[in-house]
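Keeping the supplied structure of chain A fixed, place chain B upon it in accordance with the hints.
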Amino acid sequence: MEYFDTFVSILGSAIRLSIPLLFTALAGLFSERAGIFDIGLEGKMLASAFAAACVAYWTGNAWAGLGAGIMVSIIFSLLHGFASITNRGNQIVSGVALNFIAAGLTIVLGTAWFNQGGRTGQVPAEGRFSGIILPGADMMRDVPIIGPLYANVISGNNILTYIAFLMVPISWWVLYRTRFGLRLRAVGENPGAVDTAGVSVVWLRYRALIVTGFLAGFAGTYLSIAQSAAFINNMSAGKGYIALAALIFAKWKPVPVMFACLLFGFLDAFANFMQGKSLPMIGEVPVQIFQALPYILTCVLLAGFIGVARPPKAGGVAYTKER
Amino acid sequence: MSTASVPLPAWINYGAIPLLNLILAFFFSGLVVWAIGENPLEALNFLIQGALGRGDAIGFTLFYATSFIFTGLSVAVAFHAGLFNIGSEGQAYVGGLGAALVALSLDHYVPWYVTMPFAIVGAALFGAAWAFIPAWLQAKRGSHIVITTIMFNFIGAALMVYLLVNVFIVPGKMAPETRTFLPGGQLPKLDWLMALFGLKLGPAPFNVSFIIALVMCYLVWLLIWRTKLGYEMRTLGISPTAAVYAGIPYVRTVIIAMLISGGLAGMMSLNAVMGASARLQVEFVAGAGFVGIAVSLMGRSHPVGIILAALLFGILYQGGADLSFEMPNITRDMIVVIQGLVIFFAGALEYMLRPGMVRLYQTATGK
Numbered sequence: 217m218e219y220f221d222t223f224v225s226i227l228g229s230a231i232r233l234s235i236p237l238l239f240t241a242l243a244g245l246f247s248e249r250a251g252i253f254d255i256g257l258e259g260k261m262l263a264s265a266f267a268a269a270c271v272a273y274w275t276g277n278a279w280a281g282l283g284a285g286i287m288v289s290i291i292f293s294l295l296h297g298f299a300s301i302t303n304r305g306n307q308i309v310s311g312v313a314l315n316f317i318a319a320g321l322t323i324v325l326g327t328a329w330f331n332q333g334g335r336t337g338q339v340p341a342e343g344r345f346s347g348i349i350l351p352g353a354d355m356m357r358d359v360p361i362i363g364p365l366y367a368n369v370i371s372g373n374n375i376l377t378y379i380a381f382l383m384v385p386i387s388w389w390v391l392y393r394t395r396f397g398l399r400l401r402a403v404g405e406n407p408g409a410v411d412t413a414g415v416s417v418v419w420l421r422y423r424a425l426i427v428t429g430f431l432a433g434f435a436g437t438y439l440s441i442a443q444s445a446a447f448i449n450n451m452s453a454g455k456g457y458i459a460l461a462a463l464i465f466a467k468w469k470p471v472p473v474m475f476a477c478l479l480f481g482f483l484d485a486f487a488n489f490m491q492g493k494s495l496p497m498i499g500e501v502p503v504q505i506f507q508a509l510p511y512i513l514t515c516v517l518l519a520g521f522i523g524v525a526r527p528p529k530a531g532g533v534a535y536t537k538e539r
Numbered sequence: 015m016s017t018a019s020v021p022l023p024a025w026i027n028y029g030a031i032p033l034l035n036l037i038l039a040f041f042f043s044g045l046v047v048w049a050i051g052e053n054p055l056e057a058l059n060f061l062i063q064g065a066l067g068r069g070d071a072i073g074f075t076l077f078y079a080t081s082f083i084f085t086g087l088s089v090a091v092a093f094h095a096g097l098f099n100i101g102s103e104g105q106a107y108v109g110g111l112g113a114a115l116v117a118l119s120l121d122h123y124v125p126w127y128v129t130m131p132f133a134i135v136g137a138a139l140f141g142a143a144w145a146f147i148p149a150w151l152q153a154k155r156g157s158h159i160v161i162t163t164i165m166f167n168f169i170g171a172a173l174m175v176y177l178l179v180n181v182f183i184v185p186g187k188m189a190p191e192t193r194t195f196l197p198g199g200q201l202p203k204l205d206w207l208m209a210l211f212g213l214k215l216g217p218a219p220f221n222v223s224f225i226i227a228l229v230m231c232y233l234v235w236l237l238i239w240r241t242k243l244g245y246e247m248r249t250l251g252i253s254p255t256a257a258v259y260a261g262i263p264y265v266r267t268v269i270i271a272m273l274i275s276g277g278l279a280g281m282m283s284l285n286a287v288m289g290a291s292a293r294l295q296v297e298f299v300a301g302a303g304f305v306g307i308a309v310s311l312m313g314r315s316h317p318v319g320i321i322l323a324a325l326l327f328g329i330l331y332q333g334g335a336d337l338s339f340e341m342p343n344i345t346r347d348m349i350v351v352i353q354g355l356v357i358f359f360a361g362a363l364e365y366m367l368r369p370g371m372v373r374l375y376q377t378a379t380g381k
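Order-wise, the sequence lines are chains A and B. Residues in the first sequence are numbered consecutively from 217, following the numbering used here. Residues in the second sequence are numbered consecutively from 15, following the numbering used here.
For reference, chain A alone in the conformation it holds in the complex (with noise of 0.2 Å):
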């Protein structure tokens, strides 16, 4: 029993770990989906977890967060937009820009307005997002098996994760059974083609886009305002790109990518757990493998060892309708 409480523990701190991948791995669906590469997942997320943590900070709500977050988010998405589509230029150098001008910018602006050393203010607890307690978790607490289950993996969690996971199916709807979703893949894969359907190339990538930058506000809110209360320094520290691996390695489809980041999302908490202990017969397993495995999957999974995986075949190319 207390192994299956252990389990448990490590399961709940595995969802909570898995929420901001999931927002910013369905945010990059989108794009990658519609043929923009958007390296710049890392830097919406800290941007986002700035503007929320500073707006639910001086108002104390934490819906005003996230609209901040989600509106940061966007604008960052909207620049790389203008870059990439208007301006054609390289989605990568763009993307990598954007993360550093989110990276430096959120420590100059946190400094000069906190002046606490790139943190910003405690966010009150009702500027922030809390655990929601499930109908009838305390009186299954007892129930065997299912009742720790529910009462601490499935209940007790933030509105934001309930959110996170209803994403999957609306993103899965939005892409395959919408007549946006059936142009936004079929830009990803031949935009000409789409353009000779006489549907804008352009406006159908930068709509991809916002849908990008609202779900990164998301995992930015999440970060700074539900999971702890202020932002710190670097505090999305490379999830951005571990989402990014995440989209990968569950081949750019909606609910793969939920299975994917729940995967890393364990292996983060399991690293966390496994932290200074050692396990039977093989003794103390250094935190860094944990930390490196994600990106070894990633990269075993691209070395087309497990199954296929087929980027959109026109990502990473900007757009020309006439030479």
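No wet-lab data here; the hints were simulated from the structure. One or more hints might be untrue.
[What the hints assert, rightly or not] Mimicking DSSO-like on lysine-lysine, the simulated pairs with C-alpha atoms at most 30 Å apart in a straight line are:
{"id": "1", "chain 1": "B", "residue 1": "Lys187", "chain 2": "B", "residue 2": "Lys203"}
{"id": "2", "chain 1": "A", "residue 1": "Lys469", "chain 2": "A", "residue 2": "Lys529"}
{"id": "3", "chain 1": "A", "residue 1": "Lys537", "chain 2": "A", "residue 2": "Lys467"}
{"id": "4", "chain 1": "A", "residue 1": "Lys529", "chain 2": "B", "residue 2": "Lys154"}
{"id": "5", "chain 1": "B", "residue 1": "Lys154", "chain 2": "B", "residue 2": "Lys214"}
{"id": "6", "chain 1": "A", "residue 1": "Lys529", "chain 2": "A", "residue 2": "Lys467"}
{"id": "7", "chain 1": "B", "residue 1": "Lys203", "chain 2": "B", "residue 2": "Lys214"}
{"id": "8", "chain 1": "B", "residue 1": "Lys154", "chain 2": "A", "residue 2": "Lys493"}
{"id": "9", "chain 1": "A", "residue 1": "Lys469", "chain 2": "B", "residue 2": "Lys154"}
{"id": "10", "chain 1": "A", "residue 1": "Lys537", "chain 2": "A", "residue 2": "Lys493"}
{"id": "11", "chain 1": "B", "residue 1": "Lys154", "chain 2": "A", "residue 2": "Lys467"}
[As the list claims (entries may be wrong)] Under 10 Å between C-beta atoms, here's a sample of chain A residues computed to sit facing chain B:
{"id": "12", "residue": "Gln307"}
{"id": "13", "residue": "Gly311"}
{"id": "14", "residue": "Val359"}
{"id": "15", "residue": "Gly363"}
{"id": "16", "residue": "Ile375"}
[As the list claims (entries may be wrong)] Derived CB-CB ranges, DEER-like:
{"id": "17", "chain 1": "B", "residue 1": "Lys154", "chain 2": "A", "residue 2": "Ser416", "range": "35 to 43 Å"}
{"id": "18", "chain 1": "B", "residue 1": "Arg240", "chain 2": "A", "residue 2": "Phe381", "range": "52 to 60 Å"}
{"id": "19", "chain 1": "A", "residue 1": "Asp411", "chain 2": "B", "residue 2": "Ile183", "range": "54 to 62 Å"}
{"id": "20", "chain 1": "A", "residue 1": "Lys529", "chain 2": "B", "residue 2": "Gly186", "range": "51 to 59 Å"}
{"id": "21", "chain 1": "B", "residue 1": "Arg240", "chain 2": "A", "residue 2": "Val471", "range": "48 to 56 Å"}
{"id": "22", "chain 1": "A", "residue 1": "Val471", "chain 2": "B", "residue 2": "Gly370", "range": "44 to 52 Å"}
{"id": "23", "chain 1": "B", "residue 1": "Gly212", "chain 2": "A", "residue 2": "Val516", "range": "41 to 49 Å"}
{"id": "24", "chain 1": "A", "residue 1": "Ile375", "chain 2": "B", "residue 2": "Glu297", "range": "33 to 41 Å"}
{"id": "25", "chain 1": "A", "residue 1": "Trp329", "chain 2": "B", "residue 2": "Arg240", "range": "24 to 32 Å"}
Glycine included, C-beta positions come from ideal geometry on N, C-alpha and C.
Positioned in the frame of chain A, the structure of chain B alone reads:
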């Protein structure tokens, strides 16, 4: 009419447009400084004074520039072959392992000038090794090199932390770093060079790696524009299909280009590990690999341009550090913002001004 195919003279393409992009980047940086309530011109003055005002300031500026020349060359070589190597950061980090292993094993026995060639080879080999798998995946398996090099940056960081914490750490010490190299494992400072100009180097770690970096610039120029391999790389960079049609071996050229690129990145560690701190430390690269992207873009992937761009970023790094003392409201991270804006305007928006310039040029020449 589309302006993309209109040729422009070199002084506009390589002079005026990059300069205007740079000015735009600085203009927006100035806006940020102004937004947090400081005077941008005053800040610029502090920055330049802090980078070039004294002997030791110039020494620090050149020290940073040395690192950026290596990583800039690294990005540029890959770029000529049409490959975007974002992994210079990780390659430099792992390259440090090569340099440190050589220094640790030789510093008891031989003077620095005997250690140096081995250290160069060691750093380059380890850096190249870290570029090999992404290169192979790109060449053989078609995995996107940008993604794999990003992944390898993180894998490299995890590996190095593991090695430093568990293998190289000095027993009884807390800091995850190797022991300090003896003088036989250090690269000496270039104080005599500064003395020629009547400047005192002081504590600045400006060292022999600067000369190695300049030699590498020349070698890269030779490679890219004066050898068959360089020609093949450039052809591949402009049009992979044409290159393959012309009989240029794709797999071999991609892998060799990435190995050279990784090797150059690895050599950056000579400057930081053997020239400055005399020990291998966690996170010693400190973003120099990413600065290399900006340097290569600004320098238009040409060694001369790279030296100039590296100097510019050296000034920014050293001056930015000084600026944060003079104006406590502006933190060192302002450099990161400027760097991002430079990459954004000089890199991602490099074509933004072109149509306008074409029109101006056509009106001016009456065509």
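For which of the previously enumerated hints does the structure constitute a violation, in increasing order of number?
5, 8, 10, 14, 15, 16, 23, 25
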